[in-house]
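J.: Read off the chains here:
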Amino acid sequence: MVFSSLLFLFYYLPVVILGYFIIPKNFKNLWLLVVSLFFYAWGEPVFVLLMIGVILLNFISGLWIQRLKDIGRLFTARFALILCIILNLASLGFFKYADFLISNINLIPGVSIPLPGIALPIGVSFFTFQALSYTIDVYRGDVSAQRSPVAFGTYVALFPQLIAGPIVQYKTIDEQLTNRVHSYDKFGEGVRRFIVGLAKKVLIANTVGEIWSNISGMDISTLPVLTAWIGILAFTFQIYFDFSGYSDMAIGLGKMFGFEFLENFNYPYMSKSITEFWRRWHISLGTWFRDYVYIPLGGNRKGLPKQLRNILIVWMLTGIWHGASWNFVLWGLYFGILLAIEKLFLLNILKRLPSAISHIYTMFIVIISWVIFAFDNASDGFAYLSAMFGGGGALFDNQSIYLLITNFILLLIGSIGSTDYPKRFVESLENKLAKKQTLVTSGACAVLLGLAVLCVAYLVDASYNPFLYFRF
Amino acid sequence: MNKKVVTIGFLILLFGVSIINILTPQNSFSEYENRYLQQFPKLDADDIFSGKFSENFAAYSADQFIGRNGWISLKTLAELAILKKDNGRVYFGKGGTLFDATEEIDGKQLEKNLNSLAEYIETMNSQIPNLDSSVLLVPTSSEILSDFLPPYAPVPDQQAVIKKVSDRLNGTAKVYNPTELLKSHKGDYLYYRTDHHWTTDGAYTVYSGWAKEIGLEPLPKDSFVISQISSSFYGTLHSKANLFTIKPDTVNAYNFKDNVIVEAKFGEKDVRNSLYFDEYIGKKDVYSYFLGGNKPLVEITTTTNNGKTIMVIKDSFANCFVPFLCKHYEKIVVVDPRHLNTDYLELARQNNITDLLVLYNVPNFTVDRNIPRLAPKKSEK
Chain A
1 MVFSSLLFLF YYLPVVILGY FIIPKNFKNL WLLVVSLFFY AWGEPVFVLL MIGVILLNFI
61 SGLWIQRLKD IGRLFTARFA LILCIILNLA SLGFFKYADF LISNINLIPG VSIPLPGIAL
121 PIGVSFFTFQ ALSYTIDVYR GDVSAQRSPV AFGTYVALFP QLIAGPIVQY KTIDEQLTNR
181 VHSYDKFGEG VRRFIVGLAK KVLIANTVGE IWSNISGMDI STLPVLTAWI GILAFTFQIY
241 FDFSGYSDMA IGLGKMFGFE FLENFNYPYM SKSITEFWRR WHISLGTWFR DYVYIPLGGN
301 RKGLPKQLRN ILIVWMLTGI WHGASWNFVL WGLYFGILLA IEKLFLLNIL KRLPSAISHI
361 YTMFIVIISW VIFAFDNASD GFAYLSAMFG GGGALFDNQS IYLLITNFIL LLIGSIGSTD
421 YPKRFVESLE NKLAKKQTLV TSGACAVLLG LAVLCVAYLV DASYNPFLYF RF
Chain B
473 MNKKVVTIGF LILLFGVSII NILTPQNSFS EYENRYLQQF PKLDADDIFS GKFSENFAAY
533 SADQFIGRNG WISLKTLAEL AILKKDNGRV YFGKGGTLFD ATEEIDGKQL EKNLNSLAEY
593 IETMNSQIPN LDSSVLLVPT SSEILSDFLP PYAPVPDQQA VIKKVSDRLN GTAKVYNPTE
653 LLKSHKGDYL YYRTDHHWTT DGAYTVYSGW AKEIGLEPLP KDSFVISQIS SSFYGTLHSK
713 ANLFTIKPDT VNAYNFKDNV IVEAKFGEKD VRNSLYFDEY IGKKDVYSYF LGGNKPLVEI
773 TTTTNNGKTI MVIKDSFANC FVPFLCKHYE KIVVVDPRHL NTDYLELARQ NNITDLLVLY
833 NVPNFTVDRN IPRLAPKKSE K
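Taken in order, these protein sequences are the chains called A and B. Sequential numbering of the first sequence, starting at 1, is according to the working numbering. Sequential numbering of the second sequence, starting at 473, is according to the working numbering.
It should be emphasised that the hints constitute simulated quantities derived from the structure, not laboratory data. All C-beta atoms, glycine included, are put in the ideal place defined by N, C-alpha and C. One thing to keep in mind: the hints can contain errors.
[Said to hold, decoys possible] 16 Å max Cα-Cα, derived EDC-like pairs, lysine to aspartate or glutamate:
{"#": "1", "chain 1": "B", "residue 1": "K475", "chain 2": "A", "residue 2": "E175"}
{"#": "2", "chain 1": "B", "residue 1": "K475", "chain 2": "A", "residue 2": "D185"}
{"#": "3", "chain 1": "B", "residue 1": "K476", "chain 2": "A", "residue 2": "E427"}
{"#": "4", "chain 1": "B", "residue 1": "K803", "chain 2": "B", "residue 2": "E503"}
{"#": "5", "chain 1": "B", "residue 1": "K693", "chain 2": "B", "residue 2": "E735"}
{"#": "6", "chain 1": "A", "residue 1": "K171", "chain 2": "A", "residue 2": "E210"}
{"#": "7", "chain 1": "A", "residue 1": "K28", "chain 2": "A", "residue 2": "E175"}
{"#": "8", "chain 1": "B", "residue 1": "K658", "chain 2": "B", "residue 2": "D673"}
{"#": "9", "chain 1": "A", "residue 1": "K351", "chain 2": "A", "residue 2": "E276"}
{"#": "10", "chain 1": "B", "residue 1": "K475", "chain 2": "A", "residue 2": "E276"}
{"#": "11", "chain 1": "B", "residue 1": "K767", "chain 2": "B", "residue 2": "D742"}
{"#": "12", "chain 1": "B", "residue 1": "K556", "chain 2": "A", "residue 2": "E210"}
{"#": "13", "chain 1": "A", "residue 1": "K171", "chain 2": "A", "residue 2": "E260"}
{"#": "14", "chain 1": "B", "residue 1": "K729", "chain 2": "B", "residue 2": "D694"}
{"#": "15", "chain 1": "B", "residue 1": "K755", "chain 2": "B", "residue 2": "E503"}
{"#": "16", "chain 1": "B", "residue 1": "K799", "chain 2": "B", "residue 2": "D660"}
{"#": "17", "chain 1": "B", "residue 1": "K799", "chain 2": "B", "residue 2": "D757"}
{"#": "18", "chain 1": "B", "residue 1": "K476", "chain 2": "A", "residue 2": "E189"}
[What the hints assert, rightly or not] Some chain B residues well away from chain A (every beta-carbon gap over 12 Å; in silico):
{"#": "19", "residue": "S533"}
{"#": "20", "residue": "A534"}
{"#": "21", "residue": "K556"}
{"#": "22", "residue": "N587"}
{"#": "23", "residue": "N602"}
{"#": "24", "residue": "P626"}
{"#": "25", "residue": "L641"}
{"#": "26", "residue": "G681"}
{"#": "27", "residue": "K684"}
{"#": "28", "residue": "N731"}
{"#": "29", "residue": "T775"}
{"#": "30", "residue": "L812"}
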């Protein structure tokens, strides 16, 4: 199930909220676990068993490791942790990467292993990483093992962050699992956050997504420069508003049920270097790799050569985490190399340049990276890159002008919406009107209602499917 | 901001809409979309485990959403407000004129269609002496009413198609290009604003030009009684737009002052004395008033006693055009290759045809995959 559907909004969510607030405190987690499993099983009726398996594996490992540590058998605890990591990664590897691995092995002459053809369980990379963070933290002693399978299951399966993150680290919500506050303030803030996220996804990401799928479906070899840039700009906005909108919705839903998740995006398109970009983009993934890969490898404490090696390893893994395909590896390496270059000298130069120039540099690098990201076939990706720089022949044609005129406002909304200006504007307005709370509240309600109504209109329209048998 | 007010407002809306949706009776059919809507899916173990149940339920939640058409109009209005000029299905042109945004020219299919047609007419020419063949490809509104299109809207080049057909059939058949004639009348009501067809006036205009071209004397307009059969026609483009602010079209029919139809046979059991189907007046699909929509084979006998028989190979653009032929031919055989898979040479011989007219709109001539049905079977060449 996805949040941006009428099914979720008007069937699932009311039942979940109603149940949650009438059920006694001790059973609220159980309710969340049950409805989260249902949420997952809705689209993946079979793979819900995999998720339950991952929950049980890490729950039992956590208890076992804790016990071994308590009785001082540290070496065996280490063995238990490694076993648990291997099992987690093996299941992730099997479900996500088996086809990719085998098809690459098959490139060796004479080898021809039939592909298992495994369908990718939704969210498997997210919930596996969440569960892993728990077991590692138990081993490290950062948290003590969760003794309630319901609380732990709720942590892994919690529907707001189940499918597309943020990757919540156990230590950040350990307390909240058993003891959290519900209030109108939190719920109302959650509503605001959820509707803003929904609008980002439905009104912006989906509509610019249509521009991108339209343009990327054209003949790339003759694409005019202007069309190619409109297309990749559309994709640039699509991926940001889709992903950050989803995170907003997750954070908002979490608040409704009393949880406080950490932020996942911090206006990444305002960054002035790639180093900064990755501190603002998909923060929970970056933090995960920092805490569980980069620092254990030695981080920056073992000299520059090792640090550069660690950066490249982390970014290759970050790339492949996004999907089982070489373009994601390339995408990760591309960022790894740029981050290494920035670390070596570029960052110092960027700091001294006017901020407009370092901003343009960053967005240019990021936009190029989305070309690599968008095409899982490298030759299509390179053809598209070439079109962006004139390989298609023309600078523009009638169609480019039409696309520009009819999408200009949408792209403008995307540009403004990916900065923090709207947020600062609203905050300053609220400060100015601090004494007129009625006005602020009715204004906020009107805006939120307007956004919600538009979202519903867009969602209903998405199912509009005229069947015109009398066509000609 | 008072979070309590936001919370309560949100909950009222969420539960309100949800309860209203559940309590409202289901609709079974959407006239706008011309399809059956998803009903509440049956609980079935196989469907649940295959994921089919959840798919159907998602479709149900959208199809049965309260005020469905109003929401869709609202979305369209929002898009028009940010200067969008199409919804992927139609262009929103000036003065409430809609254009098909999915029109395309399929070069490869055109090649196949053109070869089949050329081969067909060449074979006929060799077998039927003095056969008069003409090909009439009618541009759609995006070509003629380009002033009404949104600026720079990409539309296919229809003239290139007509030129290609004309070059290929040179010496085989007369190819009449009505573009200039239509453009000189573009102030008239030539095309429906909400449908992809031409109006009967558009068809009449082209009829008079075509008739002159092939050496007939076109009937003057005042020899017809023109009657309005609908002033509330919402066509296919309106279905694709689904915007309530658009005004409907009017539909006219041209009637002869005397009775010219002896018999019009639309099927084994459907024999009439008119080319017009009154039962479509007041229906959504008013255009089917003409010839009853797309019938595979229509055989018309007229009171015109001149021994001439014309076969019309056509798409739906011909439906309101065919009536104009009645005073020029004793027999008219109308065939639609999309619905009739037969030996077209044999059909022509059986009917002793003296004339042949191929009438399509330009984009359709390049995308229709059934035109190769015309090609003579190998043994007959």
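J.: So, for every hint listed, does it hold in this structure?
T.: Evaluated hints:
no., hint, in the structure
1, K475(B) - E175(A), "violated, 25 Å"
2, K475(B) - D185(A), "holds, 5 Å"
3, K476(B) - E427(A), "violated, 19 Å"
4, K803(B) - E503(B), "violated, 37 Å"
5, K693(B) - E735(B), "violated, 24 Å"
6, K171(A) - E210(A), "violated, 39 Å"
7, K28(A) - E175(A), "holds, 15 Å"
8, K658(B) - D673(B), "holds, 11 Å"
9, K351(A) - E276(A), "holds, 11 Å"
10, K475(B) - E276(A), "violated, 34 Å"
11, K767(B) - D742(B), "holds, 11 Å"
12, K556(B) - E210(A), "holds, 12 Å"
13, K171(A) - E260(A), "holds, 12 Å"
14, K729(B) - D694(B), "holds, 10 Å"
15, K755(B) - E503(B), "holds, 10 Å"
16, K799(B) - D660(B), "violated, 25 Å"
17, K799(B) - D757(B), "violated, 28 Å"
18, K476(B) - E189(A), "holds, 10 Å"
19, S533, "violated, 4 Å"
20, A534, "violated, 4 Å"
21, K556, "violated, 5 Å"
22, N587, "holds, 21 Å"
23, N602, "holds, 32 Å"
24, P626, "violated, 4 Å"
25, L641, "holds, 22 Å"
26, G681, "holds, 22 Å"
27, K684, "holds, 27 Å"
28, N731, "holds, 29 Å"
29, T775, "holds, 31 Å"
30, L812, "holds, 15 Å"
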